[in-house]
Amino acid sequence: AQKVTQAQTEISVVEKEDVTLDCVYETRDTTYYLFWYKQPPSGELVFLIRRNSFDEQNEISGRYSWNFQKSTSSFNFTITASQVVDSAVYFCALSEKWTDKLIFGTGTRLQVFP
Amino acid sequence: DTAVSQTPKYLVTQMGNDKSIKCEQNLGHDTMYWYKQDSKKFLKIMFSYNNKELIINETVPNRFSPKSPDKAHLNLHINSLELGDSAVYFCASSQDKQGFGTEAFFGQGTRLTVV
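In order, the protein sequence lines correspond to chains A and B. Residues 1 to 114 (this note's numbering) make up the first sequence, in order. Residues 1 to 115 (this note's numbering) make up the second sequence, in order.
Quick caveat, the hints were computed from the structure, so don't treat them as lab data. Careful: at least some of the hints might be erroneous.
To spell it out: a stretch of chain B is covered by chain A in this simulated footprint if at least three of its residues, at any positions, have a beta carbon under 8 Å from a beta carbon of chain A; those stretches are [to be verified]:
1) 40-54
2) 60-68
3) 87-97
Only pairs whose alpha carbons sit at most 25 Å apart, straight line, appear in this in silico DSS-like list of lysine-lysine [claimed, not checked]:
4) B:Lys-67 to B:Lys-52
5) A:Lys-3 to B:Lys-67
6) B:Lys-44 to A:Lys-97
Computed footprint of chain B on chain A; a stretch qualifies when at least three of its residues, placed anywhere within it, have a C-beta under 8 Å from a C-beta of chain B [stated by the list, open to error]:
7) 9-22
8) 56-62
Every residue gets a Cβ at the ideal spot worked out from N, C-alpha and C, and that includes glycine.
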């Protein structure tokens with residue numbers, strides 16, 4: 001069965017600190033996709049990144065980077081030099097080829113203080 | 001132009017009423033969804049339509065009835081509203097089904113409060 005676990009309910013950091021948001025997933029499928037979404041205080045859900053199960057390359061986009069490790073079923077998200085605008089709830093999500101559902105983790109609330 | 005738009009943004013209503021939330025996407029996507037986000041921020045899929053055909057119905061009470069008049073619209077009608085229906089409802093769309101790993105684009109959400 002699909003499952004996404006984000007064990008960190010809330011993280012608080014001071015601006016310019018690096019922070020890593022953890023995501024652990026469970027799936028029986030060999031073909032699956034992992035996502036991160038951001039939900040700022042305004043409430044909308046913003047797509048950040050997608051990885052497929054066959055591509056374990058890490059990815060960097062500006063201050064954001066993602067570490068995908070199949071061996072530990074993890075897809076962690078790191079924000080370098082955090083900024084106040086990074087304050088949001090971040091969701092990790094998983095979709096499987098055969099179930100056609102996007103399953104979300106419970107989210108991690110990140111608060112960045114000036 | 002807003003890619004996925006929902007109306008209304010806020011909805012306050014009494015128990016027992018019937019209400020509808022409308023959703024439209026102008027992205028030309030084939031698949032549309034309704035998600036429910038509860039007070040603890042937990043997001044759960046309710047329905048998924050692909051080319052106007054219902055493909056996912058996640059054990060949602062039959063008081064909830066989605067309707068897709070065409071590929072660009074997916075409305076949600078809720079009968080006999082209950083207090084527990086209070087939540088934020090998100091509409092979303094994607095180019096293809098989630099099984100193909102396409103990212104979903106979300107509307108701004110409709111905050112439903114049942115009093």
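Tested hints:
1. 40-54: holds (count 7)
2. 60-68: Result for this restraint: violated, n = 0.
3. 87-97: Per the Cβ count (4), the hint holds.
4. B:Lys-67 to B:Lys-52: holds (8 Å)
5. A:Lys-3 to B:Lys-67: Answer violated: A:Lys-3 to B:Lys-67 is near 29 Å, above 25 Å.
6. B:Lys-44 to A:Lys-97: holds (18 Å)
7. 9-22: Not satisfied, violated; 0 residues make the cut.
8. 56-62: It is violated, with 0 qualifying residues against the three required.
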